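**Student:** As a plain string of letters, each chain reads:
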Amino acid sequence: MTQTDLLTLLPNILLVTWACILLLVDLFIPQRRKGMIALLAVFGLAVVMGIVLAQAGREMTAFNGMIVVDGFSVFLSVLFLATGILGIAIAYGYLKRMGIERGEYYTLMLFSISGMLLMAQAADLIVIFLGLELLSIPLYVLAAWARPRLESEEAGLKYFLLGAFATGFVVYGIAMTFGATGSTRLSEIVARVAGGEAVTTLLLIGAALLLVGFGFKVAAVPFHMWTPDVYQGAPTSVTGFMAVGAKAAGFAALLRIFVSAFPSLSVDLVPVLWGLAAVTMIGGNLIAIAQTDIKRMLAYSSIAHAGYILMAFVPYGNPKVAHDSVASALFYLVAYAITSFGAWAMVIALEKAEGKGLEINDYAGLGRKHPAMAAAMTVFMLSLTGIPPTLGLIGKLYLFRSVVEGGFIGLAIIGVLTSLISAYYYLRVVVVMYMRDGDPQVTSESWLNLTIGAAALATVVLSFVPAALFTLASDAVLKLF
Amino acid sequence: MNSMLILFIILSLAAVLSALGLLLSRSAVYAALFLVLNFACVAIFYLLLGAPFIALTQITVYAGAIMVLFLFVIMLLGAEKLPKSQSLPWQRPLAIGLAVVLLFEAGFLLFQRLHLTATLAQPEAQINSVDAIRTLGLTLFNQYLLPFEITSILLLVAMVGAIVLTKQEKGAAG
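One line per chain: the protein sequences are V and L, in this order. Quick note on numbering: the first sequence equals residues 1 to 481 in the numbering used here. Quick note on numbering: the second sequence equals residues 1001 to 1174 in the numbering used here.
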């Protein structure tokens, strides 16, 4: 191990060490004061984020080319660490309120985030696979956190079984790719493909299997079956973290693999990706209409958004547009992360024990009783639909633009039409909040309110200066090509 | 007929029979024990092929650790006896169809191999020697150090998760 190795992996080493320390510290903290672990975990995440930011602008390769530091990894690492901090912020009061507060919750989250960081940095299929597992296994446990509540146990088991199944696809895909090219390192794969040494059929099968495996993780139709049940059954704070973090990490790995290793396969893969994106957008949005439970509705909404992000993959083989389309995918990931976290935080604010307060009708009267909360929720719903002045609209504009420039006008039309459909169920929440009378019970917690406020503010303010964020995303993907 | 071939035939018979026993036995414990026998046969196959390390791994990891764990679980859950009939209506035709496909595949490969024997490469001498383990160790701890370390973290996380999920809460109300 050299100094470069250590420096490249430093954020991850620190995060994992910190998580191990917290695991021990947890034993000495009395049950009533477990919140301290949360604060310590946030502190660790903040320190690691500082180190990641210090890495920005550098190019490093370590461990025989297994992990790298580049713009892409830094951008995504910051997103993942921020996701972690927000995930802890929304969990802090919620866990106490629901009586499921245990110190390991936060340490497991740290481990999961270290898996995400690995996926952002990985330049080798084996590391991507291990990162994926390190990300997923804590999430399986967290989904079942509210045991012995049946829904939560069901969510944990379902997520575990289907996740393990999807992992099988990923491993098989990696094996096929290895068989086709003789290496698991992305740079080697590119070299072998360029040198004409690769077995194209095997490589294609490998890419397809990888697509299926990650399709499960990012919840793309038709691999989405687990999403609604797991999102509904898991504790809401876990769902929020999962919806943003796991999805973003899955897309990070997909982007890295497809853009840097498989550009030569684009001719064969583009129709598949086209279909996948279209089916995901249509399926997610149509089924969301029928939902009356807000968690299920947001679950289908997250499926639909996976479809929008998948759109960015479609033109990836076209060198002229690929750069912008990947950048717009990153932009959309950030936009979705902020908005989605806000929405899930709102769900937590209205959720009561025993799974009450989760119907959309429970939001009736919110506009009169808690105008600030209702305004924030309106912002999130508008952003998820893609109505100005919100970040969601800008993200969609960038996505649609890159798709159209890539020559896939049909897909862009499907995207616009499904966004219109989605307005129906997003705006229904707004209508219920303002037009119907009711007596909503809102739990006011400082961390939760802070998250909601910050997310709402960011959604609106960033939409006026999107160019800055897009430039960041654009710089991040510069070295991928 | 040399001794290797005789050994091979006996072993294959044992492997096939133990696999059949695994499928046909009604008791889960017997099935698990048949599987252990099957693993042992496969391990000796590896030895015959000149891969002592894989043979030992097969015994220690599969026959040793995993199967003993299986047996523990079966006995703890009290699932020794399988219910009489649980086959789905379409299960049998599907299984037969798949078996035929597998048979064709194996036969095809066999005949193709018969023609190709001349060109089949011998495994590298390095693999066959005791040095293989040293080579493996060097590769594992140099080139694949990072995946190795991540795996250790992964196991730690899985352990913590399992304990958290099964631990009884002290004084928890329900």
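FYI, nobody ran anything at the bench for these hints, they're computed from the structure. Misleading hints may appear alongside valid ones.
So, partial list: chain L residues that the calculated Cβ filter (under 10 Å) puts toward chain V [said to hold, decoys possible]:
#1 Ile1066
#2 Met1067
#3 Leu1071
#4 Leu1088
#5 Arg1092
#6 Thr1151
#7 Leu1154
#8 Gly1161
Taking lysine-lysine pairs in the PhoX-like style, the calculated list, with each CA pair at most 20 Å apart, reads [to be verified]:
#9 V:Lys295 to L:Lys1167
#10 V:Lys320 to V:Lys295
#11 V:Lys356 to V:Lys320
#12 V:Lys352 to L:Lys1167
#13 V:Lys295 to V:Lys158
#14 V:Lys369 to V:Lys96
Covered stretches of chain V (in silico footprint by chain L; criterion: 3 or more residues with CB under 8 Å from a CB of chain L, positions within the stretch not fixed) [claimed, not checked]:
#15 23-30
#16 125-131
#17 134-146
Note that this is a predicted model, so its numbers are computed, not measured. Even for Gly, the Cβ is constructed at its ideal location relative to N, Cα and C.
**Student:** Would you pick out the hints that fail for this structure and give their numbers low to high?
**Tutor:** 1, 2, 3, 4, 5, 9, 10, 11, 12, 14, 15
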